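Undergrad: Residue numbers (our numbering), protein chains in the order written: chain A, 79 to 406; chain B, 79 to 406; chain C, 79 to 406; chain D, 79 to 406; chain E, 79 to 406; chain F, 79 to 406.
Each hint should be verified, as a subset may be incorrect.
Heads up, the list lumps identical chains together, so a pair's fine if it works in one copy or across two of them.
Simulated crosslink set (DSBU-like; lysine-lysine; CA at most 35 Å straight-line) [as the list claims (entries may be wrong)]:
1. K307 <-> K179
2. K382 <-> K323
3. K271 <-> K323
4. K169 <-> K288
5. K171 <-> K288
6. K179 <-> K306
7. K105 <-> K323
8. K105 <-> K271
Just so you know, the hints here were simulated from the structure itself, not pulled from any lab data. Just so it is clear, the structure is predicted and the values come from calculations on it, not from any experiment.
There are 6 protein chains.
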Amino acid sequence: MTNYPYPMLDRPSMVWSKQADRTSDLKVHEWIETVGESSPSWPDYDVTILGVPLSKSSISTSAASDNPEAMRQAWKSFGTYNLDEDIDLAKLKAIDLGNVKQHATDIPYTHQQIEQAMVAIRSHHPHTLPVTMGGDHSITAMLVKGWKKAHPDETVGILQLDTHFDLRDLNAFGPANGTPIRNLIESGTVEGKHVHNIGLHGFFNAKELKNYADEHEVHYTTMKQARKKGIAHVITQALEQLDGKVDTIYLTVDMDVLDIAHNPAAPAATPGGMYTEELFEAVQIAGEHPKVKAIDIVCLDPRKDLGGMSVKSAVHVMLSFLTGYCMR
Amino acid sequence: MTNYPYPMLDRPSMVWSKQADRTSDLKVHEWIETVGESSPSWPDYDVTILGVPLSKSSISTSAASDNPEAMRQAWKSFGTYNLDEDIDLAKLKAIDLGNVKQHATDIPYTHQQIEQAMVAIRSHHPHTLPVTMGGDHSITAMLVKGWKKAHPDETVGILQLDTHFDLRDLNAFGPANGTPIRNLIESGTVEGKHVHNIGLHGFFNAKELKNYADEHEVHYTTMKQARKKGIAHVITQALEQLDGKVDTIYLTVDMDVLDIAHNPAAPAATPGGMYTEELFEAVQIAGEHPKVKAIDIVCLDPRKDLGGMSVKSAVHVMLSFLTGYCMR
Amino acid sequence: MTNYPYPMLDRPSMVWSKQADRTSDLKVHEWIETVGESSPSWPDYDVTILGVPLSKSSISTSAASDNPEAMRQAWKSFGTYNLDEDIDLAKLKAIDLGNVKQHATDIPYTHQQIEQAMVAIRSHHPHTLPVTMGGDHSITAMLVKGWKKAHPDETVGILQLDTHFDLRDLNAFGPANGTPIRNLIESGTVEGKHVHNIGLHGFFNAKELKNYADEHEVHYTTMKQARKKGIAHVITQALEQLDGKVDTIYLTVDMDVLDIAHNPAAPAATPGGMYTEELFEAVQIAGEHPKVKAIDIVCLDPRKDLGGMSVKSAVHVMLSFLTGYCMR
Amino acid sequence: MTNYPYPMLDRPSMVWSKQADRTSDLKVHEWIETVGESSPSWPDYDVTILGVPLSKSSISTSAASDNPEAMRQAWKSFGTYNLDEDIDLAKLKAIDLGNVKQHATDIPYTHQQIEQAMVAIRSHHPHTLPVTMGGDHSITAMLVKGWKKAHPDETVGILQLDTHFDLRDLNAFGPANGTPIRNLIESGTVEGKHVHNIGLHGFFNAKELKNYADEHEVHYTTMKQARKKGIAHVITQALEQLDGKVDTIYLTVDMDVLDIAHNPAAPAATPGGMYTEELFEAVQIAGEHPKVKAIDIVCLDPRKDLGGMSVKSAVHVMLSFLTGYCMR
Amino acid sequence: MTNYPYPMLDRPSMVWSKQADRTSDLKVHEWIETVGESSPSWPDYDVTILGVPLSKSSISTSAASDNPEAMRQAWKSFGTYNLDEDIDLAKLKAIDLGNVKQHATDIPYTHQQIEQAMVAIRSHHPHTLPVTMGGDHSITAMLVKGWKKAHPDETVGILQLDTHFDLRDLNAFGPANGTPIRNLIESGTVEGKHVHNIGLHGFFNAKELKNYADEHEVHYTTMKQARKKGIAHVITQALEQLDGKVDTIYLTVDMDVLDIAHNPAAPAATPGGMYTEELFEAVQIAGEHPKVKAIDIVCLDPRKDLGGMSVKSAVHVMLSFLTGYCMR
Amino acid sequence: MTNYPYPMLDRPSMVWSKQADRTSDLKVHEWIETVGESSPSWPDYDVTILGVPLSKSSISTSAASDNPEAMRQAWKSFGTYNLDEDIDLAKLKAIDLGNVKQHATDIPYTHQQIEQAMVAIRSHHPHTLPVTMGGDHSITAMLVKGWKKAHPDETVGILQLDTHFDLRDLNAFGPANGTPIRNLIESGTVEGKHVHNIGLHGFFNAKELKNYADEHEVHYTTMKQARKKGIAHVITQALEQLDGKVDTIYLTVDMDVLDIAHNPAAPAATPGGMYTEELFEAVQIAGEHPKVKAIDIVCLDPRKDLGGMSVKSAVHVMLSFLTGYCMR
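Between the sequences and the hints, there should be enough to build the whole structure, so can you do that?
TA: Printed below as a string of C-alpha cells:
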C-alpha cells in the first residue's frame, strides 16, 4: 500500500463482505468502507471513523477499550436509511480508518499516537468529518490538541454532554479520563469560557471542581436543569452562544450522561440521567450546526452492557449525529 | 373428551390448582380456566387465549417460541383486579386453550395449523375475543387469514404497534416475521390503506419498504412523531380512521416497539423506543374500541429478558387491553 | 466502650479508612462516621443511619436482607456535594450505627429488637433524623411503633411511596412485608386517615384491600393518577394535608414503587412504574418538610439488581432526601 | 375430596397434562402423579415426593424455598428410562404430594407442619419411600423426628453428604440450617455414633464443631479423604457400618457437597468439592441398600444457578437414588 | 470471481486483516484463509471449513445457528502452535469457505443446500478434510449424504460422540436434530452396525431408541461405561472396529456430550457428562486415524454460554482434531 | 502514626469489626489484622498480605485490579480452621498491609512503588512471609526485583503455575502481564534454569516463546503432561530440583492455569486446564517447602466471575498455601 498516510493506525480487524451489486437497503457495515488489504484510492471522504481502544487511562478500571469493536459489531443491525427524516446516510462517503495503535504499558506514547492520528486526518482528509469511537475520555484532550495543531489559527470550543466536569487535577491524575477539559484549558488549547457542559449530576462532582469551572467561566447545565428547560432548548442555546465566539465546535459525548437504566455500560452512569431519546435529539441538533466539525463518543464499557442496549445507543448517537449533518 | 373441537392444539402443559372456594383476590392463573384432563362444558367464553410457540419463521434466530409458557408463568403474580380503573377482569369468562401444535421441521404445516386454530375458534366460540400469545410476527398473517376465512364478508383492518413495517419481500423470505403485513396485502386479505402502523423507527426500515408502504397507502407514524403528538392521541386517531372503513380491527403488538431499556427481550427493540406506560395506555384505548376484536402479542424472546421485566410487560399489555375491553 | 447505648445492634462490619486531613471532596463513606473499635463521644448527630437486614418476614423469599451492606458499598461512589442545589451534605453530622441484630429462626425476637432500636435512638439522640435501610417492609411497623413508644403523645402520619397498599390480613400473614400499614392501624399506632400512599399499581392490589383502605380512610393515589397530576404536585398536596393533622410524618419508601426497568432489584416492581428522576424529586420535597422526621427505604433485593442500578438508586433516594433536609 | 389425609400440604401448583395413551418414552412429569382437582384413589405408592419450600431458617439468606418448583420444572426434560442400568423408573408408582404449607412469619409453626407431614406419610402410605425436596437443611431434623414419631421403636441412622457438620449450637441459632444433626442428637432422636457424614471441607467447619463431633462419636470423612479412598468405597463402608446398628438409614444430601463449578446454586458450595458423577454414584449405591428408607435433597438456591446445571443435578440425584432403589 | 464453485455459500462475513509479513506466532484467524473480495486461486487446501448456521430444525428452540460466527470470533485468541505436541497447524493450508445459505422459512431447501455444499467440496477439493461447524445435529445427515453422493462406492461409518442416540422417529419429527442417525440408516446411507456412539446418558434416551439401536446393531457405550474403561481406550477400540469395515469414518461431535459444568451452551448437556480434557484427547486420537476423513461439531448454542467457555471448547475440539491429523 | 514504614501503600479500605472476646471459630477477616486508624505496634508478623490493584499493564484489558478487594470480601466466608489437616491458621500472626498506591496514568511509577513495597516489607518485617494479591502478572517482575534488592546475595528461583510462558518480548510490550519471567531473566534477577513452569497449554504459547524457554533452559511441563504424571508428583519434583540450586523459591500462581469451568474469571483460562482440587494440593505442597518464601496470586478478573467461584478459589489457594506453611 503505497503512501499509506496512517502509520499510527491498525487497519480495522474486520473487513465486511459486500454483495457487489447491493445498492439499496444497505446496512451500516455495508456502507462504511474499510481499509482492507488493497489500498483505497483515498478520495475525500465525507466522514472518517476512528477507533481509539484506550482505557488504561481511566481512573477506575474500564474496558471502554472494547467499545470500537463492539460498535462495529453492533452497527451491522442498523440500516443507513433514517425513516424519521427520510434521509439515507449512504449519500455520505464514509471510511473506517481502524484503530490507533496501542502500547501495552506506555500510555504517553499511545496518547501521542492519538494526537498524531487527528493531525494526519486533518492533513490527508481536510474536508472530512472525524468521528471517533473511544476509549475513555482522556482521548478528547489528545484529539482536540491534534485538531489545534492542524489548525493553529482556529478558536476551538467544546460542546460536552457529560455527567461530570472532567476538570480534575492533572497533577494528581495525569491525562486521565477525569481531566481532559482541564488539560485543554491548562494547555491553552481551549478557553474555559468556550466549554459548554450539559447533563452534570449532583453527588458526582466535587465542590472544588465547580469552583474551578466558575473561575474559568466554563458554562454548565445540570441534568435536572436541562430536563426542566428541555434538552433541545439547552443544546440549541449552547450552540448559539458558541457560534459567535469560536471557529470550530468539537462535540464530545460521554455516554455516562445517560441514565443507568438506559446505559448500564457506562460505569459512571447514574439513575436520574438523560434518556436515549433526549440524547439522540441533542446530537442530531448538534449535527445540524455548521460549526460542529468533529465528534467523539467515549466512556462506554461494553463488558458491563446488558442485552446490548448501551452499545446500540452509542451507534444510534453516531447515526443521529450524521443525520443532523446531512440536514445542514 | 367428546367433541373436542381443537385437534390442532396441545392442551396447556400446566393446569393450575385452584382453591375451590376462592372467589376474591384472584390471581390471573386462578381466573383463566384451562383445558385440563376433564372436558370443559364449553360455554361461550368472553376471552379465549391461544399460545403459538413458533419462532422458526424468524429471520434472525429467536426463542419467541418460549413466550407463551413464560407469560403463563408470569401472570401468576398479577391479580385480576385493576385498581386504576376499579375493574375486576374476573367478570370476564376466560379460557386458555393451550398451544398450536408445532412440527419440528415443517413450517408450512405449522402455519396451516395456526390458521385452522383461528377458524376453529371463530366457529366454536363465535362471540369470544381471541388473545394470541406469539411466537414471532409471521403468525399474524395466519391468524388474520383464519379470521377472514371464518368471516369472508368482513373487511378487516390492522392496528399495528411496531418498530418495523413488516413489509419485506415474500419471495425472498417466505412467510417470515418480516413479511406478515405484505403477506396480508398481497393475499388480498387486508388492504394496505386499512393498515395503521405506529412506533416505527429510523435506521431499522429500508427505504424500499417505505416506498412499498406509500404505494399501498399504508398509514404509519414513527415513534418520534408519535411521541411529539402523544401516543394516546395517535392511537385514538388511527382507531377513528379505521372505524369508518372496516368491520373488524385486528390489533397486533410487536413487543419490539418498546424501548430496549424497557424490553430487552425483544431482539429488535431499540433505544429511543416506546415506554411501557405509553404502550399500556395505547392498548387500553384500543381495547375500549368496539371494532377491535382480536389481539396478538408477538416477537418477545424470554431468553433475552432481564429480571423478567419484558415478560411482565407482555402480560401487562394483555391485561391492559382486557381492562379496556371491560370498559366498552 | 462504656455506656454503649445500643445493645441490640451489631456495629457496622466495615469501617472505612479516612485520610486524616481530608476536608473537601468527601465521598459519602468518608463523611458518615461509623461506630468503630473505639467508642465515639456520642455528640448529638444530625442523622443516624440504621441497617435492618431482615427479609425472613417477606411473603415471597427475598434477599432484601443484603441491602444495608449493598448500600454501604455503593455510597463509596457518591460525593457529599450536590451540584444541583449547591449543597454539601457534609455539613450534617452523620453516623452509621450498624445493623439490628438478627436471630436465625426467631422472627418475633428480631422484630422486637427493631422496635427497641428506634426507642434507643429516640432516647439517646433525640434531635437526630433516623434513616433506616431495610430489610423488607415489615420493619416499618416496628420502627413506627418504636417511635410512638418514645413519643407517646405525638400523632404520627405516614407518607408512603409504594406499589402496594400493604394492608393485607395480619391473621393470615403475621407481621410480614404485606401488612405493616394494617399493623399500624390495627394496633392503634397510626390512624388510617393519616396515611397517604402514592404510586399504587393496578393488578397488584386486591379489591378487598382497596375496600379496607376506603373503610379506614387511607388516602391513595395510583401511579397512573400521580403521573397525570405530576408527582411533585401530588407529594406536596399530601404533605400539606398531613401537616395540619399530625405532629410527625414518617416517610416510607418501598423501592418497588419504581418502574422495573429502573429498579430490577425490587422483586415486586412493575413496568409502568415511577422513574428515578420522579422519585428523587419526591423525596427531596418530603425532606424539605419540617414535620418529616424519619425515613426508611425498603424491599430492595440486591441479588436481583442489574449493573448496580437499583442499589445506586436507593442511595440516591437517601441523599436526595437529606438534600431536602438541608434546605429546611 | 373425601378423607384427604394431608391437611398440612398445598397440592402441587402445577398439574401436568398427560396424553392418555402414552405408555412408553415417558418424561418424569408424565410419570409422577400429582394430587389434582379430583381425588386420587390413594393406592400404596412406591414413592411419595414432598416439597418443603422453607428457607427462612437459613442462617444466610437463601431462596432454597424455590427449589421444589424448580426441580418440578426441570424434571420435564428427564426421561424415566435409565440407559446406564437398563431400568425404567416408571415401574415404580410415584406421587407428588405437593408442598408443606408455609407461614409467612411463624417458622416454628412451619417446622411443626413438616414433622406432621412425615407422620402423615408414614401413617397413610406405610410402605412408601419418602423423597423430600428442600428447602434448607433445618427440615431434616423435622423429617427425621416425624419418622421417629411414626416409628418410635426404630433406631434411625443418618448418612449425610455435606460440606458441613451441621452441628452448630441450637441455643444460638435455633432449628436453623446449621444445626439439624445437633438437633437430632440433643433431642435423642438419633445417636451421634449413628451419623456418617461424608464430604466435609476444610475452612468451613469450626474446630469446636469437630470437637463436638468427636465427643458424640459422629463419623466423618472429609472430601479430600473421600476422594483419595474413592467415594464409592467410602459410601459402601458407611452403609455397612450402619447396617449392623440401625433399623433405618435416612439419607440426607446437602447439595453444597458439590464443587461450586458443578453446583453454583448451593450458596455454600466450594471449589475442590465433589463432582456430580461422584455424587450420582454415591446416591445410587445408597439407593440399593435395603435399610435406606428415605432421602432429602436440600440447600439448593435456584436463583444462584447458572444455566440450570445445579437444579438438573438435584433431579439427577433423585433419579439416581431411585435407580438404586429399583436394583434392590 | 470467475468460476466460483460454491453458489450455495455466503462468503465469510468477516475477513481478518493480516499483517503481510507475519510468518510466526500466528493466531488461528491469521492462518485460516477466507474467501474475500478477491478470488482465491483455489489450490488444493488441506482443510476446508464450512459453517452451517441452521438450528430451525432443532426440536427445542436453539440458537446453534450462531455458533459458526461465535467460533470464528473465538479462534482469534488461539495460536496455531500446539505446545503439547510441538506441532504447528499452520503447516496445513486451510480455508474458511463461509456459511451455507439459509432460507428464512424453507428448511428442506436449506437442507438441500447443505448436501450440495458437501458434494461441491468433494468435487472441487477432493483431497481436503472438511470441517463443519453446525448448526444442529440435523445437518450431519445432509453432510454424510453429500459425501455418499460424491463417493457412491464408499462404505461410510460414523464415530459419534453424543449424549443421545439421535435415532428418533423420522415420521414424527422429519429431518430434525434428534433423527440424523436414523435418517442415515433408513436412507441406506450408513448401516447401523457401522455407527459407534460414545457418551450416551441415562434418563435422556428412551427405551424404544435403545431397542431400535439394538435391532440395527448400532454400537454404543454410555458415558458411565466409557469413564470406567477410559475414553481413550473406548475411542481407540471403536476406530479399530470400524477400520476393518468401512472406507471412510465420519466423526460427528455433538457438544452436548460434555458435562454441563464444562459446556453450559449445549442445551441438552447434563451433569455427569464428559470433561473437556477427555473430549480433546478423544478427538485427537480420532484425528490421527487415516480413515477419519471429515468432522462436524454441532448443537452448541452460544447464547447459553457462560464466560465463553463452551465456544472456546468447540474451537479446541477443532484444533485438537487437526493436531491429530498432523500426526498421521 | 509515627514511623509508618509504608508510604507507598494505601491502608486497607475496609477494617473489619471484631468482637473483642472472640477466640475460637474465627473467620479469616477476624483473624487477619488490618492497619486501621490507630498504628499497630508492628510486631514481627508471620504473614504480611499485600494488595496490588494494577491491571493497566495487561495486554488485554483486565479488571484484575479489582481482585484484592474481591478476595478480602470473599474471605469473610472462610474459617481459619482447616479440618482436612486439623490445623488452625490463626496460630500465624497475619496482617493485611493494604494496597500499593496506584497512579492513574503513570504505569512505570506504579511499578516502582510495587518494587519499593517489597523492599520495605523485607526491611521492616524480615521474618515474614509476603503474600501478594494481584493485579496482573507484570507485578511478579517487580516483586521479585524488590526481593532481590533486599537480599542481593540470594539466588532466587521461580515456581510458576501458569497456562503461559510469560516470556514475551519486552521491547514490544514493556513490563506487561506477558513478559514478567523474561523481564526477570533479562534483568539478571533470575536465571532461566531456575524457573519451573507447570500447567502450560497448547495453542496459547507461540513456538518462538518455547524456543526462548529452551535457549534459557527454563523448565516447563504442560498441563497435559502434568496430568499424566500427577500434579503432586510434578510439583514435588520441581521443588526438589530447585532446592539444590537456589536460596529462595518464589511461588507465582497465575490463576489462568485453572480450567475455565473452574475459574471463569481468569480471562485467559482455557478448557482442559487444572482443576481446583489439583491446584490446592499443589500450593499446599509448595507451602510445606522451607525455601518457598513468598507467593503471589495474579490475573484474576472478578468482573468475569460466575457465582463467585473464581474468587473463592483464589482465597482457597492462599489458605491452602498457608496450611502447608503451618506444616513445615
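Undergrad: Each of the hints needs a verdict: does it hold here or not?
TA: Results of checking the hints against the structure:
When the C-alpha separation of K307 and K179 is checked against a cutoff of 35 Å, the pair qualifies neither within a copy, at 42 Å, nor between copies, at 43 Å. Proximity of K382 and K323 under a CA criterion of 35 Å is satisfied in neither setting, with 39 Å inside one chain copy and 48 Å between copies. Taking identical chains as interchangeable, the C-alpha atoms of K271 and K323 lie at most 35 Å apart only when both belong to the same chain, with a minimum of 10 Å there against 52 Å between chains. Taking CA atoms no more than 35 Å apart as the test, K169 paired with K288 passes between copies only; the shortest distance there is 18 Å, against 43 Å inside one copy.
In the homo-oligomer, the alpha carbons of K171 and K288 lie at most 35 Å apart only across protomers (23 Å), although the nearest pairing inside one protomer, at 42 Å, exceeds that limit. Taking the closest pair of Cα atoms, K179 and K306 never come within 35 Å of each other, the shortest separation being 43 Å inside a single copy and 42 Å across copies. With identical chains, the CA atoms of K105 and K323 are never at most 35 Å apart, being 39 Å at best within one copy and 37 Å at best between copies. Taking the shortest alpha-carbon separations for K105 and K271, only the inter-copy value of 29 Å comes in at or below 35 Å, while the best intra-copy value is 41 Å.
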